[in-house]
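Asks: Listed below, chain by chain, are the residues.
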Amino acid sequence: MTTQPMTLLVIISEAVLEDTLIDEITDLGAKGYTITDARGRGTHGTRAGRWTQGGNIRIEVIGNAQLCGRIVERLQRAYEKDYGLLMYTVPIELQN
Amino acid sequence: MTTQPMTLLVIISEAVLEDTLIDEITDLGAKGYTITDARGRGTHGTRAGRWTQGGNIRIEVIGNAQLCGRIVERLQRAYEKDYGLLMYTVPIELQN
Amino acid sequence: MTTQPMTLLVIISEAVLEDTLIDEITDLGAKGYTITDARGRGTHGTRAGRWTQGGNIRIEVIGNAQLCGRIVERLQRAYEKDYGLLMYTVPIELQN
Amino acid sequence: MHFEPVVLFFLLGVFAGLVRSDLKIPSAIYEALSIFLLLAIGLQGGVKLAEFELLELLVPSLLILAVGSLIPLLAFPVLRLLGHMTRADSASIAAHYGSVSVVTFSVAIALLAQEEIDFEGYMIVFLVLLEIPALVIGVILARHGVGSVRWGKLLHEVLFGKSILLLAGGLMIGFIAGSEGIKPLDILFFDLFKGILALFLLEMGLVAAGRIAGLRAYGAFLVTFAVVTPLLSAILGTLLGWALGLSLGGTMLLATLYASASYIAAPAAMRIAVPEANPALSIGAALGMTFPFNIFIGIPVYLWMARFIHGLGA
Amino acid sequence: MHFEPVVLFFLLGVFAGLVRSDLKIPSAIYEALSIFLLLAIGLQGGVKLAEFELLELLVPSLLILAVGSLIPLLAFPVLRLLGHMTRADSASIAAHYGSVSVVTFSVAIALLAQEEIDFEGYMIVFLVLLEIPALVIGVILARHGVGSVRWGKLLHEVLFGKSILLLAGGLMIGFIAGSEGIKPLDILFFDLFKGILALFLLEMGLVAAGRIAGLRAYGAFLVTFAVVTPLLSAILGTLLGWALGLSLGGTMLLATLYASASYIAAPAAMRIAVPEANPALSIGAALGMTFPFNIFIGIPVYLWMARFIHGLGA
Amino acid sequence: MHFEPVVLFFLLGVFAGLVRSDLKIPSAIYEALSIFLLLAIGLQGGVKLAEFELLELLVPSLLILAVGSLIPLLAFPVLRLLGHMTRADSASIAAHYGSVSVVTFSVAIALLAQEEIDFEGYMIVFLVLLEIPALVIGVILARHGVGSVRWGKLLHEVLFGKSILLLAGGLMIGFIAGSEGIKPLDILFFDLFKGILALFLLEMGLVAAGRIAGLRAYGAFLVTFAVVTPLLSAILGTLLGWALGLSLGGTMLLATLYASASYIAAPAAMRIAVPEANPALSIGAALGMTFPFNIFIGIPVYLWMARFIHGLGA
Ligand SMILES: Nc1ncnc2c1ncn2[C@@H]1O[C@H](COP(=O)(O)O)[C@@H](O)[C@H]1O
Ligand SMILES: Nc1ncnc2c1ncn2[C@@H]1O[C@H](COP(=O)(O)O)[C@@H](O)[C@H]1O
Ligand SMILES: Nc1ncnc2c1ncn2[C@@H]1O[C@H](COP(=O)(O)O)[C@@H](O)[C@H]1O
Ligand code: NA
Ligand code: NA
Ligand code: NA
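Chains as they are written, first to last, in the numbering used here: chain A, 1 to 96; chain B, 1 to 96; chain C, 1 to 96; chain D, 1 to 314; chain E, 1 to 314; chain F, 1 to 314.
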């Protein structure tokens, strides 16, 4: 059992963007991701997941700091203006 | 791209409290929140999300340390005794 | 309100293992856990949660470092080879 | 003894639960099934209600409510004094047994349909009405002298909770549309009713299996209570139904209503209004014990009781 | 005035939403209901289409599409100049009103069935066809001179989005199988149709309740627009239907198609293609105002208009 | 050639999957659909089983099981030696092809109903019975000489897994209730069966689309195996059915059972019992190749084979 310091990037955004965001993340070099369905409220209003409102998704990507930085930069430029989007990073210990 | 140190507060509680907890959190000044459906076990027994048992919800609130502290205090006083409730905080870097 | 430093262990694995993993975790001494349904991609391919593919689950266990270490060790030995499995730990402040 | 094949699905569910099968009814599905059952029962009642003079129903309705309110008021001291339960638990359990169970009622209706026994359609109105006093009484009992009640929140929960809302909404739609207007909906809401009830019973069996295992922990008192209360309540219902001049089917349904205990509306309301009560006790008794007792033994017995008392009169 | 009991379920949903009931239709269920409605409508259309000579339909179809395309082209300048809305919002709203609503259409069909009025089955084809030019025009209006359009992505979204795919797929299956081949599916897709429409309307009421509350924020202009546009579009449809020699039922359905606004396919497509438009405005108007207007007032009025113009000819 | 319109829904699903439509059947819904299909098939079988003398069925049943067990035993060396697959993969694939597919069986029943060909109702019992030896043999083959088997866990998974539990439970309920007792459930479980099968095939098409794309990666051997195995198994079934004196419909169903490969029960059991096998291989072959082959080509061919051999006898 070895542990390895890594960065966890959490992306919360609109469910309608799921396929698009996965393509972006994979393009930028992420080796994996984990998605859960979510709902929430932010500056773009409430997204309760009803069909006329859409829900959110919560994407976790584990990678090195550079990868996470690249993803943050790309998503901010392309989606922050028009879509609900929130991102944060946490240092973690990957167990492997 | 700027990053900003913030506190992530995670609240795990009973699904039946969803509306009530959202009201409390918003009252105390949270600008947003993210909810996912969950199930689990703790000192109040198993909450597998079957209809006679109820499920859990997992609420994430990002804010400054004071806000998170206020929320923790209020929820503990009002709900800890009678409801399943677990809260923890993690320092994060908000990407914006 | 007191806070207590603890370790959060996040386990991402195949939904089909849910009952098995819960038994292992409980056996090893965890006092609770929280599960959310997830989907994702990793070295074992995409697990989108369609019925012939299975989905993932995301398990959170809060405990002391030793407990988390024991769980990591056991799960790695028993499941890493044949199943999709990813684990990481984060230091948190339990609010209680 | 009369036998309704639909209860076999409950047994299948209990079996699956006890052997720890991986069979699970997704939560979206049982929520949909319960929405369906509540609406369908409401619509059936509304259509039948349209045939009655509403004013004539006023006095019997008030009587049925008043006598029904006795059930939680009598159950409370029994639980408190004989069962040595906390005030909150006693009040919450009393409220569950004063309320009614839509699925139990549905199984009773299915049996009447199979036996080709008619009944007064307005009985369905009491599925809606009996819930309200039982829950209010439960909260008063829990709070009497201790703490304050958030009545606004409670009443909102009771009146606009999905159970009452769908039952009452279905009643109104059925009443307004009448049997002609509702005809194109018949296949979904009437003809499929029993099949969907079967699926719901399968899920109830799965859930009840877990509860049945837990019951041992609650002791002999609660198990006894969960069997004796429905029988006594049913006797009350049979006598009142007969006194009010209800038909054979109507008498049996009133007995079933009194005898049944809620495990959908009451738990949700009590969790909000009396949170310090332990939900495992009330739901365990109502769902793990009283519900199977009613559908396997109670309902046939209540039919027999109604036949007996109507035979006396003849 | 003609009255369809199925709309009572919409009212029940609105009521539940306004009183903040805990009633929720699980998302898996309304997705299933909408898949069902789209497939069922498509199958019904396909079966009826099999009775027609496809070539004969070519010219009327092109006319119906051309006139239908006028609606977003006329709505855009009104929104932009009278409503002072941004280019993106105006284009997006115009696209919603140029598109059509499957549920509104279904309520119209239910009313025709109740009144025993026949209609040309191929009208259902236009549920599929009218969507496409409206969305394309919407995007062109939004992007005219500003920015570039990812046409590939948009066309993919429109043509292979689930609405069009299920409608068109149902049409093809119904067409190939014919009324004989489809017979074993009749009970599910035809007989249950109206009951399932009722459940869908319940959910639409729940959602619309939230939108109705929001409408005040959008001001008098948008509210007026949401009522006047369907009326004017319906007049266009009535005149064209009459000119094309459609039957009474067909004329009324064409008016309804033109009058209805999309709230399923259009929002999804616009969110991708014109993301800077505020979806609350377009969905609020289409679902919170135009949809209830159409099912309660519009559809009976459009039937009256069709009767009136057919009476003139007689 | 005989054509069953219900398979068009599968094609629609495949098309939607290949063009990457956003059409998705929510997981709660296909779980509900599969619960429904398993229960309904079980109930149908149980009702028909009630007409037979159980003891008379014993010898033919044992023969059908014994011959059915040959399929995985023969497939294993072919996969291992000709296909150069690992022991675990060979064993897992062999188990999938020794098991049976409820949906394939349902399409065969739908075709028989359309052609008005009768069959022995107890054939449905083999949907339950054939699963068990196939999975057990698969595990023995995988573990022979290597590692130990957790038999308790495996048997639990097989016997109380939801597929077997619902089929066997439905059989028992149908058997106990009989065709009279089951009548009020007919509309849901019998009349709606084919419509719900259509919806399930739509979902299967969506999933198969992904598998079909992946098949190329598995090479020519597996693709050939996935087509030849069902044909050879069907010949085995046809001969045995004829030798046992089954009717035309019964012979064709036995051929279909042998020819079909599992993609619901077997994958779940193998994932637990033989985790080092790659599920993409077995599910890819069973669902991406054998299933479409069976419903489009196999089933009509098996009917022809049954007709041919019954013609010989005449
Ligand atoms: N302060 C916050 N804490 C937790 N989640 C948030 C917060 N603000 C926004 N979110 C989530 O991020 C999504 C998009 O945020 P926004 O772009 O601000 O609308 C929201 O729908 C929430 O799910
Ligand atoms: N040690 C733990 N680790 C992770 N989640 C926990 C833990 N303890 C409790 N929980 C979660 O918090 C909920 C409420 O906890 P409790 O109040 O202890 O019943 C449980 O249902 C679990 O979902
Ligand atoms: N880099 C990553 N970031 C986030 N989640 C991951 C990552 N890699 C794997 N996962 C998750 O862990 C599951 C199992 O991973 P694996 O064993 O690599 O297939 C995947 O299905 C993902 O949900
Ligand atoms: Na009662
Ligand atoms: Na329109
Ligand atoms: Na087979």
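These are calculated hints, taken from the structure and not from any lab test.
Among these hints, one or two may not hold up.
Unchecked claim - Here are the computed lysine to any residue pairs in the SDA-like style, where the Cα-Cα straight-line distance is at most 25 Å: (1) Lys81(A) with Pro275(E); (2) Lys31(A) with Asp23(C); (3) Lys162(E) with Gly152(E); (4) Lys162(D) with Ile140(D); (5) Lys31(C) with Thr43(B); (6) Lys24(F) with Ala65(A); (7) Lys183(D) with Glu116(D); (8) Lys162(E) with Gly83(F); (9) Lys162(E) with Asn278(E); (10) Lys162(D) with Phe175(D); (11) Lys81(A) with Leu94(B).
As the list claims (entries may be wrong) - One-sided excerpt, in silico: chain D residues whose CB lies under 8 Å from chain B: (12) Glu53; (13) Arg216; (14) Ala217; (15) Ala220.
Glycine is no exception: its CB is placed at the ideal position from the N, C-alpha and C atoms.
Asks: For every hint, state whether the structure bears it out.
Replies: How the hints compare with the structure:
1. Lys81(A) with Pro275(E): 9 Å, holds
2. Lys31(A) with Asp23(C): Given pair Lys31(A), Asp23(C) is violated - Cα atoms ~30 Å apart, limit 25 Å.
3. Lys162(E) with Gly152(E): This hinted pair holds, its Cα atoms lying about 17 Å apart.
4. Lys162(D) with Ile140(D): Satisfied, since the Cα-Cα distance of roughly 22 Å is no more than 25 Å.
5. Lys31(C) with Thr43(B): 8 Å, holds
6. Lys24(F) with Ala65(A): Roughly 35 Å separates the two Cα atoms, so the pair is violated.
7. Lys183(D) with Glu116(D): Cα-Cα ~21 Å, so holds.
8. Lys162(E) with Gly83(F): 40 Å, violated
9. Lys162(E) with Asn278(E): Given that 25 Å is the threshold and the Cα spacing comes to 22 Å, the pair holds.
10. Lys162(D) with Phe175(D): 19 Å, holds
11. Lys81(A) with Leu94(B): 17 Å, holds
12. Glu53: For Glu53(D), the interface hint is violated, since the closest Cβ of chain B sits about 38 Å away, which is over 8 Å.
13. Arg216: Hint on Arg216(D): violated, closest Cβ of chain B at ~16 Å, above 8 Å.
14. Ala217: 11 Å, violated
15. Ala220: 22 Å, violated
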